[in-house]
Amino acid sequence: MLNLASDLRSRVEAALEHRIPHALTPIQRTTPELMPTGIGSVDTLTGGIPLGCLTEICGTESSGRTSVLMAIIAQSMRRGEICALVDASDAFDPQSATNAGVELEKLLWVRCGRVNLDDSTRSARIESALKCTDLLLQAGGFGLVVLDLADTPVSAARRIPLTTWFRFRRAVEHTKTALVVLEEQPHAKSCASLVMEFTVAQSTWTEAAEQRGTIIGVHGDALEGVSFRVTSQGVAVPFERPASSFETPQRWNTPRLLSAMHVHLQVMRSRGLREMQKFPAQSERVHSQLLSCSASEPLAGLEA
Amino acid sequence: MFACIYVPDFPAQALTRVSPELRDQAIAVLDGTPPLLTVIAANPRARDMGIQVSMTKLHAEACAGLQLLRRSLLQEAAAHDALLDSASSFSPRVEDTQLRTPGSHLPGDTIILDISGLNRLLGSAAKIAHEIFSAVSKMGLIANVAIADNPDAAMHLARGFLGVTVAAPGTEARRLATLPVTLLGAAPAMLETLESWGIHDFGSLAALPEVALSQRLGQEGLRLQKLACGSTRRTLVPAEMPLKFEETFELEDALELLEPLAFLLNRMLEQICARLLARSLAANEMRLALELTGYEDQSAAEQEARKTAYERTFQFPVPMQDCRTFLKLLQLDLAAHPPGGPVKKILLAAKAVPPRFAQSGLFLPQGPAPERLELTLARIRGIVGDERVGSPELLDTHAPEGFRMRSFHSNNSTSKGAKDVTPGSVRGSSRTAMRIFRPPLQTKVQLKQGMPSRLFLHGQRHQVTAAAGPWRRSGGWWTEHGWTRDEWDLELRTNETSPVLVRVYRDLTSAKWFVEGSFD
Numbered sequence: 001m002l003n004l005a006s007d008l009r010s011r012v013e014a015a016l017e018h019r020i021p022h023a024l025t026p027i028q029r030t031t032p033e034l035m036p037t038g039i040g041s042v043d044t045l046t047g048g049i050p051l052g053c054l055t056e057i058c059g060t061e062s063s064g065r066t067s068v069l070m071a072i073i074a075q076s077m078r079r080g081e082i083c084a085l086v087d088a089s090d091a092f093d094p095q096s097a098t099n100a101g102v103e104l105e106k107l108l109w110v111r112c113g114r115v116n117l118d119d120s121t122r123s124a125r126i127e128s129a130l131k132c133t134d135l136l137l138q139a140g141g142f143g144l145v146v147l148d149l150a151d152t153p154v155s156a157a158r159r160i161p162l163t164t165w166f167r168f169r170r171a172v173e174h175t176k177t178a179l180v181v182l183e184e185q186p187h188a189k190s191c192a193s194l195v196m197e198f199t200v201a202q203s204t205w206t207e208a209a210e211q212r213g214t215i216i217g218v219h220g221d222a223l224e225g226v227s228f229r230v231t232s233q234g235v236a237v238p239f240e241r242p243a244s245s246f247e248t249p250q251r252w253n254t255p256r257l258l259s260a261m262h263v264h265l266q267v268m269r270s271r272g273l274r275e276m277q278k279f280p281a282q283s284e285r286v287h288s289q290l291l292s293c294s295a296s297e298p299l300a301g302l303e304a
Numbered sequence: 305m306f307a308c309i310y311v312p313d314f315p316a317q318a319l320t321r322v323s324p325e326l327r328d329q330a331i332a333v334l335d336g337t338p339p340l341l342t343v344i345a346a347n348p349r350a351r352d353m354g355i356q357v358s359m360t361k362l363h364a365e366a367c368a369g370l371q372l373l374r375r376s377l378l379q380e381a382a383a384h385d386a387l388l389d390s391a392s393s394f395s396p397r398v399e400d401t402q403l404r405t406p407g408s409h410l411p412g413d414t415i416i417l418d419i420s421g422l423n424r425l426l427g428s429a430a431k432i433a434h435e436i437f438s439a440v441s442k443m444g445l446i447a448n449v450a451i452a453d454n455p456d457a458a459m460h461l462a463r464g465f466l467g468v469t470v471a472a473p474g475t476e477a478r479r480l481a482t483l484p485v486t487l488l489g490a491a492p493a494m495l496e497t498l499e500s501w502g503i504h505d506f507g508s509l510a511a512l513p514e515v516a517l518s519q520r521l522g523q524e525g526l527r528l529q530k531l532a533c534g535s536t537r538r539t540l541v542p543a544e545m546p547l548k549f550e551e552t553f554e555l556e557d558a559l560e561l562l563e564p565l566a567f568l569l570n571r572m573l574e575q576i577c578a579r580l581l582a583r584s585l586a587a588n589e590m591r592l593a594l595e596l597t598g599y600e601d602q603s604a605a606e607q608e609a610r611k612t613a614y615e616r617t618f619q620f621p622v623p624m625q626d627c628r629t630f631l632k633l634l635q636l637d638l639a640a641h642p643p644g645g646p647v648k649k650i651l652l653a654a655k656a657v658p659p660r661f662a663q664s665g666l667f668l669p670q671g672p673a674p675e676r677l678e679l680t681l682a683r684i685r686g687i688v689g690d691e692r693v694g695s696p697e698l699l700d701t702h703a704p705e706g707f708r709m710r711s712f713h714s715n716n717s718t719s720k721g722a723k724d725v726t727p728g729s730v731r732g733s734s735r736t737a738m739r740i741f742r743p744p745l746q747t748k749v750q751l752k753q754g755m756p757s758r759l760f761l762h763g764q765r766h767q768v769t770a771a772a773g774p775w776r777r778s779g780g781w782w783t784e785h786g787w788t789r790d791e792w793d794l795e796l797r798t799n800e801t802s803p804v805l806v807r808v809y810r811d812l813t814s815a816k817w818f819v820e821g822s823f824d
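Same order as they appear, the protein sequences are chains A and B.
Mapping the first sequence onto my numbering, position 177 (from 1) lands on 177, and the numbers just tick up by one.
To convert, count from 1 in the second sequence and add 304; that's my numbering.
Honestly, the hints are just simulated from the structure, not real lab data.
Glycine included, C-beta positions come from ideal geometry on N, C-alpha and C.
Do not rely on the hints blindly, as some may be mistaken.
[As the list claims (entries may be wrong)] Calculated cross-link-like contacts (lysine-lysine; reagent style DSS-like; alpha-carbon spacing at most 30 Å):
no., chain 1, residue 1, chain 2, residue 2
1, A, LYS176, A, LYS189
2, B, LYS548, B, LYS632
3, A, LYS131, A, LYS176
4, B, LYS632, A, LYS131
5, A, LYS176, B, LYS632
6, B, LYS752, B, LYS816
[As the list claims (entries may be wrong)] Here chain B is said to cover these stretches of chain A; the calculated rule only asks that three of the stretch's residues, wherever they fall, bring their Cβ under 8 Å from a Cβ of chain B:
no., region
7, 15–21
8, 54–67
9, 74–84
10, 126–134
11, 140–154
12, 192–205
Only chain A is shown next, with the shape it has when bound in the complex:
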């Protein structure tokens, strides 16, 4: 009986071969190659960013999603890849990206718009961002294409048709390009192979003296605590009252610095990934783990 069925199936397939190849044979899904994010804890949970798939990184403001994205871009560039960032709200900061290890000459930055726009202009900007993403995916050759919709209101992002996400998924399928979408809430539904959601836990503020990585210059009497904060953006001087000039630093008023952001990561979806067997459910499970993203040494403790 079994032989008869398989014989019949092969005959039907042979008859339909010129119109529908392998009509009755299910398509073998290949496990996508994973690219590590460079953050040990995230890689432990997810296995990395799947290539040839759509990944969503979600979270509210200050949830660490952009820091994770920068780590992913830097990791991709370390592999020699060229990355593209479609910035729907023109919020990318080249300085902090460089600090995160991003090589700017390997980054194609498409600036689509501003944050404080009215609805009609905003939807036009989103449309532009989607068009640009489409063009970049069609061009091919990029290791990572990022669509940054993080500052786009949920109501506006929700209006993006599902067909768009489906088209994006098909565009990167069977390629070495990873498509990452940064947004507040997941919208791509089943088109996304991996959905990570970050939530704010707490921020840590430490004493200035502990921030050796940040404060490198001491001007005047160190015992008095007069210090510079030397950042790559310039030299900032803590002071008590408005100083008359840059050259005369004043006494430290608030000996505190923002040192760490603690966030939670939830893996909302990990469909078709190699690490799927780590999760009890077959397709989608929610996992969470406390991650710590430090301001000066972020994610260092998380690296494997």
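Go by the hints and put chain B onto chain A.
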């Protein structure tokens, strides 16, 4: 062995080269000072209708269906350059007959090239001749090609016989015998004398006794006889050809739409690309210059007053040879920056460079194809604007927004290979990403004992639960764009939402508070 390429009715073929549809019509080319315009060239269809060189415009207009065109020296120069390019693809020793004619400023229609040794590459002389004929055809010119043992014989054969002619060594005199003596290029008085003697062809002139001819016509007579015999011996004078790849098109009627303009640009690009390929070169820069005029409904004076020049220069990250890529880039740029009026004249010039050598590493990731990437970037520029696509480059300044956009080149990025940049390697820098608000959001801040306690943003009141600062940053006070401000890092909370970390600053010149961005 020498080959000669001769383009009959050169002024007419120079015009039909960029407008191939004219080949199916009877056309005559006029030159002179109006109203004394005369026909200087006509294509075979026009000749079938009875059109002859030196006919006046009035006579030519009497032929129904004949299209009369003005001579274009620019297009003739471009056709001449194309002829030289195709000849150069066969031999480095190419003689430009235009340069041999003293006082001539007109582009020549005849090119002679030394093909010695080419038989080892291409085979027999007939095969070489056909190859040359085919190469010239690709340039849009229908030429006569002749091969002979000496340059002058080859030139006369090319000028006298249609298509491909090959004269084996020793048979030149026999092949030349039937040609008219007018092809010798002698002075009119000399031709008149020969005519009065009943000498009409090369064969008759070659048969005259040398001594008697010398007594009557002198050394010039002997020179002409040697030419008629095909027995002259001279060295070729190779021309030094500048690498100039320009195509010009002068329109009878101005074009107002981009689509027909793109149609013409396509033809010009095809010619330029064919010439680049013939010289094994590519272009890394293209210049488009348009001469704009007034609209049809305007008077001649108004049209003259509105005559302006429009110029665009395109830099390509890699040398390219693909005509379709060039055309698409031109189309996208013209759509983004349309010319301000009807187009009367088009000039397209390519800067030639050696083609690129793609030799990337075996194990390096394949980047985007440069041609395709350039097209994609051009399309994206059309959507978001010219200055909003590229790679950011940090400037040597401490000013806020201290970066600039530069064009993105995939070859530059890939050639450097993977660079080992350790995150946070910049000394004293923070690795937490910031999201910048462009422009900064103006806000109101309530201070309590000199520290921010409340912040109003987007119509909402936020409680400051933690703060660090202020940090003073200033600079550029010696310029108009100086900045001086006090920065704070704040943690904001409202009842409903999760805490938000922002960087705010107080501009000391305006005493206003702004939110620069958020930590994310």
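Verification of the supplied hints:
Restraint check for LYS176 (chain A) and LYS189 (chain A): the C-alpha separation of about 22 Å stays at or below 30 Å, so the hint holds. Taken as a hint, the LYS548 (chain B) and LYS632 (chain B) pair is honoured in the structure, with Cα atoms around 23 Å apart against an allowance of 30 Å. Taking the CA atoms of LYS131 (chain A) and LYS176 (chain A), the gap is near 21 Å; set against the 30 Å cutoff, the hint holds. Taking the CA atoms of LYS632 (chain B) and LYS131 (chain A), the gap is near 18 Å; set against the 30 Å cutoff, the hint holds.
A distance of roughly 27 Å separates the Cα atoms of LYS176 (chain A) and LYS632 (chain B); the hinted pair therefore holds under the 30 Å criterion. Distance hint between LYS752 (chain B) and LYS816 (chain B) is fulfilled; the C-alpha atoms sit about 17 Å from each other, no more than 30 Å. A stretch counts as covered by a chain when three or more of its residues have a beta carbon under 8 Å from one of that chain; for the region 15–21 of chain A and chain B the count is 0, and the coverage is violated. Counting residues of the region 54–67 of chain A whose CB lies closer than 8 Å to any CB of chain B gives 8, so the stated coverage by that chain holds, three being the minimum.
For the region 74–84 of chain A, the stated coverage by chain B holds: 7 residues have a C-beta nearer than 8 Å to a C-beta of that chain, and at least 3 were required. Given a C-beta distance limit of less than 8 Å, the hint that chain B covers the region 126–134 of chain A holds, as 3 residues qualify and 3 suffice. Against chain B, the region 140–154 of chain A contributes 6 residues with a C-beta closer than 8 Å to a partner C-beta. That satisfies the three-residue criterion, and the hint holds. Beta-carbon proximity to chain B at under 8 Å applies to 5 residues in the region 192–205 of chain A; the threshold of 3 is reached and the given coverage holds.
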